[in-house]
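Enquirer: Single-letter residue listing:
There are 2 protein chains.
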Amino acid sequence: MTAPRIYRAALLVIGDEILSGRTHDRNIAQVASWLQVQGIRLTEVRVVADDMDAIVEAVNALRTRYDYLFTTGGIGPTHDDISVDAVAAALSVPVIVHPQARAILEHYYKDKDGGLTDARLRMARTPEGADLIENPMSGAPGIRHGNVFMMAGVPSITAQMLASLTGKLEGGLPVLSETVGGWIKESEVADLLRQTEKAHESCQIGSYPFFREGRTGANFVVRSTDRAELEACMAALCAGLDGLGLEYTPGGI
Amino acid sequence: MTAPRIYRAALLVIGDEILSGRTHDRNIAQVASWLQVQGIRLTEVRVVADDMDAIVEAVNALRTRYDYLFTTGGIGPTHDDISVDAVAAALSVPVIVHPQARAILEHYYKDKDGGLTDARLRMARTPEGADLIENPMSGAPGIRHGNVFMMAGVPSITAQMLASLTGKLEGGLPVLSETVGGWIKESEVADLLRQTEKAHESCQIGSYPFFREGRTGANFVVRSTDRAELEACMAALCAGLDGLGLEYTPGGI
Numbered sequence: 001m002t003a004p005r006i007y008r009a010a011l012l013v014i015g016d017e018i019l020s021g022r023t024h025d026r027n028i029a030q031v032a033s034w035l036q037v038q039g040i041r042l043t044e045v046r047v048v049a050d051d052m053d054a055i056v057e058a059v060n061a062l063r064t065r066y067d068y069l070f071t072t073g074g075i076g077p078t079h080d081d082i083s084v085d086a087v088a089a090a091l092s093v094p095v096i097v098h099p100q101a102r103a104i105l106e107h108y109y110k111d112k113d114g115g116l117t118d119a120r121l122r123m124a125r126t127p128e129g130a131d132l133i134e135n136p137m138s139g140a141p142g143i144r145h146g147n148v149f150m151m152a153g154v155p156s157i158t159a160q161m162l163a164s165l166t167g168k169l170e171g172g173l174p175v176l177s178e179t180v181g182g183w184i185k186e187s188e189v190a191d192l193l194r195q196t197e198k199a200h201e202s203c204q205i206g207s208y209p210f211f212r213e214g215r216t217g218a219n220f221v222v223r224s225t226d227r228a229e230l231e232a233c234m235a236a237l238c239a240g241l242d243g244l245g246l247e248y249t250p251g252g253i
Numbered sequence: 001m002t003a004p005r006i007y008r009a010a011l012l013v014i015g016d017e018i019l020s021g022r023t024h025d026r027n028i029a030q031v032a033s034w035l036q037v038q039g040i041r042l043t044e045v046r047v048v049a050d051d052m053d054a055i056v057e058a059v060n061a062l063r064t065r066y067d068y069l070f071t072t073g074g075i076g077p078t079h080d081d082i083s084v085d086a087v088a089a090a091l092s093v094p095v096i097v098h099p100q101a102r103a104i105l106e107h108y109y110k111d112k113d114g115g116l117t118d119a120r121l122r123m124a125r126t127p128e129g130a131d132l133i134e135n136p137m138s139g140a141p142g143i144r145h146g147n148v149f150m151m152a153g154v155p156s157i158t159a160q161m162l163a164s165l166t167g168k169l170e171g172g173l174p175v176l177s178e179t180v181g182g183w184i185k186e187s188e189v190a191d192l193l194r195q196t197e198k199a200h201e202s203c204q205i206g207s208y209p210f211f212r213e214g215r216t217g218a219n220f221v222v223r224s225t226d227r228a229e230l231e232a233c234m235a236a237l238c239a240g241l242d243g244l245g246l247e248y249t250p251g252g253i
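Chains Z and V, in that order, give the protein sequences. Residues in the first sequence are numbered consecutively from 1, following full-length UniProt numbering. Residues in the second sequence are numbered consecutively from 1, following full-length UniProt numbering.
In short, the hints are calculated from the structure, not lab data. Note that the structure is predicted; figures quoted are calculated from it, not measured. Note that CB positions come from ideal geometry on N, CA and C, so glycine has one too. Careful, some of the hints might be misleading.
[What the hints assert, rightly or not] Each pair of labels, with its calculated beta carbon distance range: (1) Ile253/V to Thr64/Z: 19 to 25 Å; (2) Ile96/V to Met137/Z: 52 to 58 Å; (3) Gly167/Z to Ser156/V: 34 to 40 Å; (4) Ser92/V to Tyr108/Z: 40 to 46 Å; (5) Gly167/Z to Asn60/V: 46 to 52 Å; (6) Thr64/Z to Gly146/V: 26 to 32 Å; (7) Gly114/Z to Arg227/V: 33 to 39 Å; (8) Gln195/V to Arg212/Z: 31 to 37 Å.
[What the hints assert, rightly or not] With a straight-line cut-off of 35 Å between C-alpha atoms, the simulated DSBU-like cross-links for lysine-lysine are: (9) Lys110/Z to Lys168/Z; (10) Lys168/V to Lys110/Z; (11) Lys198/V to Lys112/Z.
[Said to hold, decoys possible] To list a few chain Z residues with every Cβ distance to chain V over 12 Å, as calculated: (12) Asp51; (13) Leu91; (14) Ala163; (15) Thr179; (16) Leu193.
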C-alpha cells in the first residue's frame, strides 16, 4: 500500500495590529480548524507587518514550499492595505482592476452613500490572472492566484470566504483526533504517553497542560488518519491511566 | 540628531496544538504587548509544529535576523517537548542538565507525589551556556541563551517569565499609540487617512475595520515614538473626521 499523499498549507497573517498586540488574532485557529476538515495540514504560520518587502519574502518562501498558501489581511480600501500589491510583486505579475470584482462592487455599493468611490474600487484590484473568492457578507471578494488564497483580516469575513472554498480544494485524509483530560500533572504520565505513542506508530499523542483555579491539569490528544488505530491507541492510553489510578474525562476538561 | 536605534524581536510559537486549531494562541498578543512596553518591536511571528527540523530552521532564521528571539512552548516534561533539543541543535551546543534548574526543581517537588522523577528532571535540561528565567508559578524555569529566550506554552506561566524579564532587556523608545473609532466605513475615510499619514512623517496610521451587530465600523490607530507628533497627527485626523461630518469616539469603539 502506498502511503496516502499529505497535503500541506501555510498561513500568512498580514497586519501591524497583530504584531502590536492590539488585536488578538482569531484567524490562525479558524483557518487551522477549517483546513483539518479539508484534509489539509496547516504546517507553518507567519505573521508579518503591512510591509512590502516582508510580505513579498514570506509569500515566496511559503507558496513554493507548501501545497497551499492562505493569507489574511491587507485587502481593504485604505492606504495600509498593500497585500494585493505585495502578492503581485511576489508572483511577478501586474496589478489589474478585475472586471468581475468591479461589477460585484458596483452592484454592492450602488445604493450606498457615495457609490463606488476610488477607495472602494481599490478592493477590485487583483494580481493579473486571479480568480475571485466569493464574499456574500461585504461584497469585496477574496482572491485566488494559483496556490495562493488571499482573504480578509476581519475574522467573520474570512469565515465566509472559507465557506465559499469548502470542498473545492484537493486534500488528503483528514486527521482525526480524540481527547481525554483530567486534573493530572503531565510529569506523572510522561512515560505512559511516550510508551503509548511508540506502540502505536500511526498515531501522535499531544500533551497540553494548563493551570485553572490554582490546580494543574492536562489534556491528551491522540491524532491519526486511521479511525481504528486512533481508537486502539486511545484505549491503550486510558488503560494506562487506569493503571496509574488517575481519573480522566473523555473529551477532555 | 541621529535616528534612535530600533530594537526588533521575533516570536516563534512551537506547538501542534496551535496548528491543529485545537488551542487558540494567546501568547502572540501577550508577548507583543509586553515588548511594546520594553521599547522592542515585534516584527515577525512564526508558528511551527513540534518538529525538530522545523524548529531548528526557524530558530536560526530568526535569531540571526532580529535583536531578540522569543520562543513559547515545548519545554515541559513530556515526549513532545523537544524545544530544548531543537534550540541546542540550532546553536550547535550540547544539552546539559542545568545545576541551578535541577536545584529549583528538587526544591519545588520535594513534598510532591513522586518527588523529582526522570520526567520532571527533563525540565532542568538546557542548551549548554544558558541562564535561567525565573518562573515563580510552577518551578520549571525559562531559558535564556544569548539573544534567544525560551518560555512556556501555557500563557499564565509565560506571563510570569515575562514579568521576570521586565526592564532587563535593552530597548529603544517605546511606540506610543492613540485610537479613535466609530461606526464609520473605512472606505469613506481612506483618502483622509492617507493624506493625514503623509502630512505626519513620523507617524503611522492603521485602519482596523470590524462588523458588529450587523453594522460596519472601524478603529483608527496612530503610532509614533514621539508624543507631540502623535498628538498633532491625531488632532489632524479628528479635524478631518469632523470635516466629513463623521462621529467618532476617543479610545476607539
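Enquirer: Each of the hints needs a verdict: does it hold here or not?
Expert: Against the structure, the hints come out as follows:
In this structure, Ile253/V and Thr64/Z break the distance hint of 19 to 25 Å, their C-beta atoms being roughly 41 Å apart. Range check, Ile96/V to Met137/Z: about 54 Å between beta-carbon atoms, so the 52 to 58 Å window is met. The supplied range of 34 to 40 Å is met by Gly167/Z and Ser156/V, whose beta-carbon atoms lie about 39 Å from each other. At about 56 Å, the CB distance of Ser92/V to Tyr108/Z disagrees with the hint of 40 to 46 Å.
Taking the beta carbon of each, Gly167/Z and Asn60/V are about 39 Å apart, not inside 46 to 52 Å as hinted. A hinted range of 26 to 32 Å for the beta carbons of Thr64/Z and Gly146/V is consistent with their spacing of about 31 Å. At roughly 35 Å, the beta-carbon separation of Gly114/Z and Arg227/V lies within the given 33 to 39 Å, and the hint holds. Gln195/V and Arg212/Z have their C-beta atoms about 50 Å apart, which leaves the hinted 31 to 37 Å range violated.
A C-alpha spacing of about 31 Å is found between Lys110/Z and Lys168/Z, which places the hinted pair at or below 35 Å, so the restraint holds. Between the alpha carbons of Lys168/V and Lys110/Z the distance comes to roughly 56 Å, so the proposed pair goes past 35 Å and is violated. A threshold of 35 Å between alpha carbons decides the hint, and for Lys198/V with Lys112/Z the separation of about 28 Å falls inside it, so the pair holds. With a least CB separation of 9 Å from chain V, Asp51/Z falls inside the 12 Å interface cut-off, contrary to its annotation.
At roughly 21 Å, the least C-beta separation between Leu91/Z and chain V is larger than 12 Å, which holds for a residue marked as non-interface. Non-interface call for Ala163/Z relative to chain V: holds, since the shortest CB-CB distance, roughly 15 Å, exceeds 12 Å. Against the 12 Å criterion, Thr179/Z falls within the reach of chain V, whose nearest CB is about 8 Å from its own CB. A beta-carbon of chain V comes within 12 Å of the beta-carbon of Leu193/Z; the shortest separation is about 5 Å.
Consistency note: the structure conflicts with the earlier hints numbered 1, 4, 5, 8, 10, 12, 15, 16.
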